[in-house]
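Chains as they are written, first to last, in this note's numbering: chain B, 432 to 612; chain S, 23 to 211.
Note that these hints are calculated values from the structure, not bench results. We put the beta carbon where it would ideally sit given N, CA and C, even for glycine. There may be inaccurate statements among the hints.
Unchecked claim - Beta-carbon label-pair distances, calculated as ranges:
(1) R75(S) x Q506(B): 33 to 41 angstroms
(2) L27(S) x P496(B): 30 to 38 angstroms
(3) T539(B) x D34(S): 31 to 39 angstroms
(4) A206(S) x R507(B): 55 to 63 angstroms
(5) R103(S) x T539(B): 53 to 61 angstroms
(6) D58(S) x Q470(B): 40 to 48 angstroms
(7) R103(S) x P496(B): 49 to 57 angstroms
(8) E502(B) x R72(S): 35 to 43 angstroms
(9) T550(B) x L27(S): 51 to 59 angstroms
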Amino acid sequence: MHEVNAMSDSNGGGNKLQSDLVAYLDGELSDRACMEIEQTLAENPRIRCEMELLERTWELLDTLPVSKASESFSQRTLSVISQSSMAAVKDQTPAVTTSRSWSIDRDTWLAAGLSMALTLTAILCFAVTNRWMPTETDRLVRDLPLLIKLEMYEEVSSPEYLNTLKQSRLFDDQSSSVESP
Amino acid sequence: MQLMLRAREGDDAAFALLVEAYQDRLVGILNHLVGDREAAEDLAQDVFLRIHRARDRYDPTAKLSTWLFRIANNLASNARRNRGRRRERQLPVQESGPMGARPAEKLLAEKSALMPSRLMARHEIRDVVRAALESLGERQQMGVLLHKFEGMSYADIGATMDLSPSAVKSLLSRAREKLKEQLANYVQE
Chain B
432 MHEVNAMSDS NGGGNKLQSD LVAYLDGELS DRACMEIEQT LAENPRIRCE
482 MELLERTWEL LDTLPVSKAS ESFSQRTLSV ISQSSMAAVK DQTPAVTTSR
532 SWSIDRDTWL AAGLSMALTL TAILCFAVTN RWMPTETDRL VRDLPLLIKL
582 EMYEEVSSPE YLNTLKQSRL FDDQSSSVES P
Chain S
23 MQLMLRAREG DDAAFALLVE AYQDRLVGIL NHLVGDREAA EDLAQDVFLR
73 IHRARDRYDP TAKLSTWLFR IANNLASNAR RNRGRRRERQ LPVQESGPMG
123 ARPAEKLLAE KSALMPSRLM ARHEIRDVVR AALESLGERQ QMGVLLHKFE
173 GMSYADIGAT MDLSPSAVKS LLSRAREKLK EQLANYVQE
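Looking at chain B on its own, in the form it has when it is part of the complex (with noise of 0.2 angstroms):
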């Protein structure tokens, strides 16, 4: 409960009475601060008059005039802000040219790697294959002499003949040339 003297006072007290008179006048204060207000306006009329003093004074502000922005502000302001954003992407400008150009050599670097990396990796490939992986000239060279004498094999059509003859020792001196498939 509010002290009936508090107002006159230049103590904590009275400004908390003032205070609240005006945060109760603009319906700042909780239900139960209300209550306490109006409890102490309902016991003091010096209070009372008090808070009907602050809520004149306060109906005296709406003898201000009211004054508003002219017929072409708006059409002046936006005019204004798109000169601004026009001069702003200006400005801007050489750092996007800057960055897309650093963003296309940065593409182009990249690409260029790849293409090495591509023909670096094709080259292995071929040197690998070409070692290990036997092709059709490699098992030509080797099956040479089985051709040079594939006539000759063909004519004999038979194994166990040549073995036979290989037995026997009768062409000893031509054995060295001639060999069983």
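With chain B's structure known, arrange chain S on it following the hints.
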């Protein structure tokens, strides 16, 4: 808020609507603060320009009006400070203070001494009220204007002026007490 969200996405038409929606409120408050409509319009234009530049950073959780009046408050404060410096250089020192009595204060004193409220024409009362408002501190004035003409809560005024709600309560209490004293002759029957 929807207009600002659309403006943030690059919708210029939405920003134009936003200017239309807030221009009178902004110019009105700024005019009270700086006391000159042309200067108020220049400041309001600056507020919209800054809002437009910073639209990408707009946080939808914050009230647009709070953001807008926060910028307005800062700009008005700077403008008044600059104007004060210019006055300090231009005006000679007088007996009533380092800068002399402000015209509005003189008006208030003269009218207060000479005329009861019931005899004063409405426009005269208006001048006295304006002088009383100008006699408040910068922050008190802003708090009063935001509460009176924008209907802002203490919390919103606090968000606009970087103050806690309890500090706003105290600020407005002092402001209204001072106004009551200044206008005592005009509210009593």
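Each hint, compared with the structure:
1. R75(S) x Q506(B): 33 to 41 angstroms: violated, 19 angstroms
2. L27(S) x P496(B): 30 to 38 angstroms: Once the Cβ atoms are compared, 34 angstroms apart, the range 30 to 38 angstroms for P496(B) and L27(S) holds.
3. T539(B) x D34(S): 31 to 39 angstroms: Cβ of T539(B) to Cβ of D34(S): about 38 angstroms, so the range 31 to 39 angstroms holds.
4. A206(S) x R507(B): 55 to 63 angstroms: violated, 43 angstroms
5. R103(S) x T539(B): 53 to 61 angstroms: Taking Cβ atoms as reference, R103(S) and T539(B) lie about 55 angstroms apart, which means the hint holds.
6. D58(S) x Q470(B): 40 to 48 angstroms: holds, 47 angstroms
7. R103(S) x P496(B): 49 to 57 angstroms: violated, 25 angstroms
8. E502(B) x R72(S): 35 to 43 angstroms: With a Cβ separation near 23 angstroms, E502(B) and R72(S) fall outside 35 to 43 angstroms, so the hint is violated.
9. T550(B) x L27(S): 51 to 59 angstroms: For T550(B) and L27(S) the Cβ distance comes to about 53 angstroms; the hint holds.
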